[in-house]
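**Student:** Each chain, letter by letter, is given below.
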Amino acid sequence: MENILEKIRTDYERHEGNIISLLQDIQNEFGYIPEDAVNWFSRQLDIPTSRFFGIATFYSQFHLAPRGKNIITTCCGTACHVKGSERLITGLIKELDLPDGENTTADRRFTIEKVNCVGACSIAPVAVINKKVYGKMTTDSLLKEVKKIRDNT
Amino acid sequence: MKHDLTIRVCMGTGGMAAGGSEVMKAFKKQVKARGIAADIKKHCHIHKVGCRGLCAKDVLVDIIRKGVRTTYQFIKPSMVEKIIDEHIINGNPVEEWVVGEDYHQFHDKQIKIVLSGCGSVDPEDINSYISADGYKAFKQVISDASPSETIETIKKSGLRGRGGAGFPTGIKWEICSKEKALHKYIICNADEGDPGAFMDRSVIEGNPHAVIEGMIIGAYAIGADKGYVYIRAEYPLAVERLKNALKQARRKNFLGKNILGAKFSFDIKVKLGAGAFVCGEETALIASIEGQRGMPKAKPPFPVYKGLWGKPTVINNVETLANVPYIIRNGAQWYASFGTEKSKGTKVFALTGKIKNSGLIEVPMGIPLRQIIYDIGGGIENNKAFKAVQTGGPSGGCIPAEMLDTPVDFESLAKVGSIVGSGGMVVLDEDNCIVNIAKFFLQFTQSESCGKCTPCRIGTKRLLEILERITSGNGRAGDIELLEDLADAIKATSLCGLGQTAPNPVLSTIRYFREEYEAHITKKKCPAGVCKDLLSYIVLAEFCKGCGACRRVCPAGAISGERKEKHTINPDVCVKCGACFEACKFKAIGKG
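Heads up: the sequence lines are chains A and B, in that order.
Each step along the first sequence adds one to the number in the numbering used here, with nothing skipped, and position 41 is 41.
Each step along the second sequence adds one to the number in the numbering used here, with nothing skipped, and position 577 is 577.
Honestly, the hints are just simulated from the structure, not real lab data.
Each hint can be trusted.
Derived CB-CB ranges, DEER-like: (1) A:R109 / B:K139: 51 to 57 Å; (2) B:D108 / A:K147: 43 to 49 Å; (3) A:D36 / B:F74: 49 to 55 Å; (4) A:K148 / B:K25: 17 to 23 Å; (5) A:E113 / B:K136: 43 to 49 Å; (6) B:F167 / A:K147: 49 to 55 Å.
Glycine is no exception: its CB is placed at the ideal position from the N, C-alpha and C atoms.
Working from the sequences, and respecting the hints, build out all of it.
**Tutor:** The following block contains the structure:
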């Protein structure tokens, strides 16, 4: 871990000391922002951890807990909302058997997330599965994709 | 270079989601396999194009054979072979797959300036843009016009910022150009955070060089040496095409040191937004580029005086910048000939929601809403009744049927309590609950409020709480007046545009749909049948055919029944999502 952090640190100096870029680099490496990484940078750069966490919690891009192997994002933009995106989420929670307030399955195979808008409103409702955009989704077609992933991995 | 055969495949985010890449591959494979490519060699050209608007009919494919263009809709890889056989080889278009009357209707009333390159230019090839007169405007400016003459042209064109506020672009540039500083910056705001809007994404995906050219001209006019494009990380395809376009522009020396031999150096960096709606606000955007929490600052000082790293900075929206090359090339007067007296030119809108022809449109300012909804949009989906159109996203309002003749321009929309905003236009039908829509936007603004100023942080929270209790059947007498009162206070006292406009969805819906609020509060009924706590679903036994359609779509597994037998809904398990209601072809699901 230390080696990776050292490398990110050199980049940080090149990025004019931009903490957002630093956190983006950490997340690219680990998939989330581990507390240990923040503590390490806090000591190295003599910046209080609160500044890192202040920024990390401000932007929705950053995750403070590990995420699942497969990321399913449902769009909650206006067009998707009026076309019933809430149904997709209800269906997913039930299919993946997620307890209240959790968004990652216990085996870390799936994480479900919401996004404000992916900007593909004319094919609403939209879901993004592992970065691929799927339009005109129904609960049925979404769950079929989930099952496909389950069977293939 | 003229091609005897051009195949264009729509590959915006919409086109790719519908399978654009596979269609493209199929064409390439077939054209090679049949020896067509070898036959006419260089005269055969297959390329990607960005979104041409009507994403609902993707994948769209243009075949230009001997100068005649035919457009196909809903194309799948399996259909490619037939098109090649009958159309490309034998010259007989496959009529059944060719776009219909509605495709032309969709385009008839539009005037495309910003989108003129989307759908014809290959977004990944700078030469394709250059052969469509690309970078000509910049060459013209740098060889023949001084910065102040350039600014004068933009001022005369009447171009106003397309990001929402509508500030005159020429004046913004002029103020910044007069500031004396060692460094100046120009920032392209591509942080399109409005849910329900995708104009900026489509322009960057479809014609990234137009935005870059606009930025270079802007930089030359104000004297900036560095530019940033602040773009949402949620738009991976746009980011990729933009980065690729910047690389190509650098190679051709449209960016870099001593551009085209002139004493003008300028380069552009891409900054990925980390996901915060408030960063669309200028000062918050600047804070975010500087690596801080994206919290707005009090203005003045305005960014044109003191912006990024404390230096004079112009921030323009994507669409604004994409207009610039066309204005320079065709003249200010040409541009000003479109639109109304105070709102010149065209505006791109994302027309979505319950509309037949959903997609991206560009119309002259001042066009009546009715023409957009019924002529271009083709009317409401499934022949339902029109209820309202929501413009301007979370900062805008809902416009009801009786206001449909309102012209679409900055002033007229403000008069009816909405805004042009960045250009989202979401159509609602009789099945949408207006209080629910207001609540939806408040949930959004409340969670996106940065928390710096009290009216926005706490005010939006209270607004949301009142809306939540109204939609859950606990509304109290006087709640509507309380909403209005609170909304006015938030508008008057918030620090930035987010808070100042956040109450608009509430105020405009109360203004036009007060009875619907009253029905929720006094009768405890949701007339549209959306608010879950105010309704329940049952199977109407006399109509039920036992087809099982409702059982299959139910996400909660609340519906049971054997095939060809009457079905039943278990109210304890039902999540009241309404999927069964929409799926039933026999009107056998009742709600109320």
